[in-house]
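Construct the complete structure from the given sequences, taking the supplied hints into account.
Protein chains: 2
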Amino acid sequence: MTTAAKTKRLERMDDLVSLCARRGFVFPSSEIYGGINGFWDYGPLGAELKQNLKALWWQRVVRERPDVEGIDSAIIAHPRTWEASGHVEHFSDPMVDCRACKKRFRADQLEGVEPCSAREGTSEHDFTDPRNFNLMLQTQIGASEEAASVAYLRAETCQPIFNDFKRVREAARQKIPFGIAQIGKAFRNEINPRNFTFRSREFEQAELEFFCHPSEREKWFEHWQGERLAFHRELGFGDDRLRTRPHAEDELAHYARAAVDVEYLFPFGWQEIEGVHDRGDWDLSRHGEYSGKDLGITDPETKEHYVPMVIETSVGVDRTCLALLVDAYTEEELEGGETRLVMRFPRGLAPIQVAVTPLSKKLAEPAHALEAELRRRFNVFYDDAGNIGRRYRRQDEAGTPFCVTIDFDSAEDGRATVRERDSMAQERLPLEGIAAYLSEQLEAPA
Amino acid sequence: MTTAAKTKRLERMDDLVSLCARRGFVFPSSEIYGGINGFWDYGPLGAELKQNLKALWWQRVVRERPDVEGIDSAIIAHPRTWEASGHVEHFSDPMVDCRACKKRFRADQLEGVEPCSAREGTSEHDFTDPRNFNLMLQTQIGASEEAASVAYLRAETCQPIFNDFKRVREAARQKIPFGIAQIGKAFRNEINPRNFTFRSREFEQAELEFFCHPSEREKWFEHWQGERLAFHRELGFGDDRLRTRPHAEDELAHYARAAVDVEYLFPFGWQEIEGVHDRGDWDLSRHGEYSGKDLGITDPETKEHYVPMVIETSVGVDRTCLALLVDAYTEEELEGGETRLVMRFPRGLAPIQVAVTPLSKKLAEPAHALEAELRRRFNVFYDDAGNIGRRYRRQDEAGTPFCVTIDFDSAEDGRATVRERDSMAQERLPLEGIAAYLSEQLEAPA
Chain A
113 MTTAAKTKRL ERMDDLVSLC ARRGFVFPSS EIYGGINGFW DYGPLGAELK
163 QNLKALWWQR VVRERPDVEG IDSAIIAHPR TWEASGHVEH FSDPMVDCRA
213 CKKRFRADQL EGVEPCSARE GTSEHDFTDP RNFNLMLQTQ IGASEEAASV
263 AYLRAETCQP IFNDFKRVRE AARQKIPFGI AQIGKAFRNE INPRNFTFRS
313 REFEQAELEF FCHPSEREKW FEHWQGERLA FHRELGFGDD RLRTRPHAED
363 ELAHYARAAV DVEYLFPFGW QEIEGVHDRG DWDLSRHGEY SGKDLGITDP
413 ETKEHYVPMV IETSVGVDRT CLALLVDAYT EEELEGGETR LVMRFPRGLA
463 PIQVAVTPLS KKLAEPAHAL EAELRRRFNV FYDDAGNIGR RYRRQDEAGT
513 PFCVTIDFDS AEDGRATVRE RDSMAQERLP LEGIAAYLSE QLEAPA
Chain B
113 MTTAAKTKRL ERMDDLVSLC ARRGFVFPSS EIYGGINGFW DYGPLGAELK
163 QNLKALWWQR VVRERPDVEG IDSAIIAHPR TWEASGHVEH FSDPMVDCRA
213 CKKRFRADQL EGVEPCSARE GTSEHDFTDP RNFNLMLQTQ IGASEEAASV
263 AYLRAETCQP IFNDFKRVRE AARQKIPFGI AQIGKAFRNE INPRNFTFRS
313 REFEQAELEF FCHPSEREKW FEHWQGERLA FHRELGFGDD RLRTRPHAED
363 ELAHYARAAV DVEYLFPFGW QEIEGVHDRG DWDLSRHGEY SGKDLGITDP
413 ETKEHYVPMV IETSVGVDRT CLALLVDAYT EEELEGGETR LVMRFPRGLA
463 PIQVAVTPLS KKLAEPAHAL EAELRRRFNV FYDDAGNIGR RYRRQDEAGT
513 PFCVTIDFDS AEDGRATVRE RDSMAQERLP LEGIAAYLSE QLEAPA
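Quick mapping for you: the protein sequence lines, in order, are chains A and B. This note's numbering numbers the first residue of the first sequence as 113 and each following residue consecutively. This note's numbering numbers the first residue of the second sequence as 113 and each following residue consecutively.
In short, the hints are calculated from the structure, not lab data. Relax, there's no trap hidden among the hints.
Same chains, same label: a pair holds when it works inside one copy or across any pair of copies.
With a cut-off of at most 30 Å between alpha-carbon atoms, the simulated DSS-like pairs for lysine-lysine come out as follows:
| hint | residue 1 | residue 2 |
| --- | --- | --- |
| 1 | Lys287 | Lys331 |
| 2 | Lys120 | Lys166 |
| 3 | Lys405 | Lys415 |
| 4 | Lys297 | Lys166 |
Here the structure is a predicted model, which means the values were calculated and not measured.
Printed below as a string of structure tokens:
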């Protein structure tokens with residue numbers, strides 16, 4: 113059995129970017145047209161990885177909890193939504209334009225920007241005064257030209273949750289405390305998209321808004337910090353790469369009373385992958401005011417009427433996917449000098465769960481029979497091309513936890529070889545027990 | 113046992129619309145602000161139903177097929193995409209505006225429109241000449257004011273698939289014939305959104321683009337018609353409510369060489385829920401031309417170089433969800449004169465799979481223990497409020513296939529009552545066998 117003599121984690125993002133394109137995890141949107149800055153497409157492996165991550169979140173946050181309801185709202189909401197939320201007024205960065213080269217920069221991040229290329233005799237920019245540049249993407253909807261009205265692509269998935277709070281509470285017969293959650297796309301016109309998929313203009317959020325009585329907000333703020341940290345540990349992130357960081361008072365957003373970031377240690381530093389926020393009664397109060405609807409609650413026992421407080425947990429799905437990719441990336445030097453690249457995803461999140469790899473194309477019949485059986489339960493890849501060692505390496509790069517190899521003895525002894533990704537250990541198991549064995553192994557923590 | 117004496121299917125859409133709002137299947141987006149025409153939010157029950165439908169499609173079309181790869185692309189693509197696709201030029205309706213009342217109408221649908229309300233002495237409109245009105249939603253992205261560039265929200269999920277064709281084929285090592293599939297949001301500025309969620313401005317598509325050699329296009333066009341019809345039958349749609357309708361030559365879109373609609377019989381008539389299209393080599397040829405990239409294939413054996421033909425299957429996810437809701441809706445007159453409303457979803461697609469309904473709040477302990485066990489496998493709802501008959505009716509309206517009732521005998525005989533939604537039959541089963549029983553029942557066809 114080959115074993116790893118030395119392992120090395122990801123150091124340069126470029127190595128990951130190139131693997132992701134080559135193997136089809138994620139690559140620039142509209143690549144054939146030169147790409148479009150801040151937009152990314154997930155390929156076959158990335159789409160499965162992201163879907164598995166979202167399914168796990170939905171399972172833990174929505175399906176396993178009697179006190180959380182899931183919804184799926186439109187990306188475009190009534191524009192008043194974004195007035196009430198404060199986004200029209202506040203969701204902007206102070207920007208300056210250079211009158212010469214027409215480039216735009218954040219007024220508070222001018223140190224070390226690229227020099228002006230359009231002025232004679234100087235490389236200094238000719239800046240305008242700072243102006244606020246709203247980050248929401250706008251569009252126009254409506255039938256008649258005059259009535260065509262500005263609408264915004266949602267800048268966060270939580271605002272439609274507040275819009276739907278009353279309807280969902282009544283339809284689902286929930287009582288305070290309870291939460292509403294959703295997963296979906298959001299859009300921000302980032303000035304400077306960067307760090308691969310980390311800061312994009314189109315991205316996916318998985319958000320929970322948990323509504324509670326004012327007297328219980330601290331308790332629930334604590335509760336959700338614990339839950340969310342446990343979730344990221346379940347993703348396999350070790351304590352040396354995962355931390356929480358409370359916001360200082362001057363960092364808090366306009367709506368927030370307290371906030372804690374969950375941060376992951378990327379090659380480009382500690383960065384937020386989730387935020388846990390005490391939003392107070394800001395959102396429900398504002399939507400109540402702007403809509404003229406009473407979004408308050410009357411306590412059935414005390415008859416007290418109050419606006420619930422909101423504890424929010426907000427996952428950046430693409431950021432967490434990126435953390436999974438970074439965390440999985442491992443270069444190993446094997447005994448004998450050979451090297452391999454292996455993506456050590458937690459087994460339950462791997463894009464492909466099992467590869468069927470017959471030793472020869474002549475074994476297609478029994479191999480396809482096994483493939484068909486496994487496909488009913490797992491995401492299966494069939495590969496009979498090239499030598500078996502190279503096929504194992506391809507599956508290592510895809511992060512496939514198990515390969516099952518049918519060989520010329522299989523017909524006689526009714527067994528096949530099951531090869532595990534991380535240890536590279538091989539075990540010969542009876543064909544009829546392989547599906548059950550894999551079920552057990554794939555459900556266990558990696 | 114109560115049995116149904118008379119059953120009645122949905123006749124008036126309004127009855128469904130009202131059930132969907134009351135029970136939280138689907139309701140207008142931004143309802144508290146008066147809604148926004150053509151946009152809908154899925155509530156707790158609707159979000160699960162839609163998710164189950166999408167998961168089934170992904171399972172059948174992507175995961176079970178070695179010859180199909182799934183992707184998840186950005187909603188905003190490089191704008192050249194939509195020039196190449198023909199949308200910038202062709203994706204428009206001829207419209208006229210009334211100079212007096214400022215209302216806009218489709219020039220080819222002027223018969224019976226509402227009269228003008230703004231002219232004196234006449235109710236006739238003062239129409240402009242017809243002008244083309246593009247249905248794509250536009251936005252602007254980019255950092256500097258001058259460089260801010262127009263981008264479009266995708267009008268269909270298939271174009272990014274063509275953009276990614278080469279990358280995906282190479283990364284996944286696929287050979288012709290094979291397909292690429294994705295599920296996601298698309299946007300069209302419909303002039304007149306109508307029929308509940310059927311014609312919306314924001315909607316979800318589940319599309320497959322299958323690439324084949326020109327000599328095999330008819331074979332694959334046939335193959336996919338059969339596959340897709342089988343899928344809709346799996347959703348429970350009977351032959352009296354499901355049909356295919358080939359497009360006449362003058363109905364074909366600019367890219368299509370042949371097209372067949374899969375239609376469902378809604379209360380508002382036969383309407384398309386899926387389209388199967390022979391798109392020929394239109395898309396890959398155009399994207400090849402506009403991007404300057406060679407999207408052709410060289411046959412490894414004959415060395416022939418050719419642009420693959422595309423067979424497309426395009427499901428309207430919201431439309432199919434609406435068909436599921438319409439199809440499930442059943443009013444029953446029971447023996448004894450009582451009536452019930454029951455949503456007869458196929459069991460595997462039901463939003464809630466099992467409700468735990470203890471006969472009394474005093475039975476909370478064993479009931480919660482059962483709930484916790486079932487929640488590991490199923491989507492569970494716990495309800496101990498009100499009399500048991502009313503609770504069964506609430507689950508009937510939600511379409512929950514099974515209720516499990518713990519009663520005062522359960523502690524002694526170790527059994528609970530399992531009540532089936534459609535037959536209302538009740539069976540007393542050993543507690544430790546209930547999870548396995550439900551697994552079996554929920555996987556079987558309804």
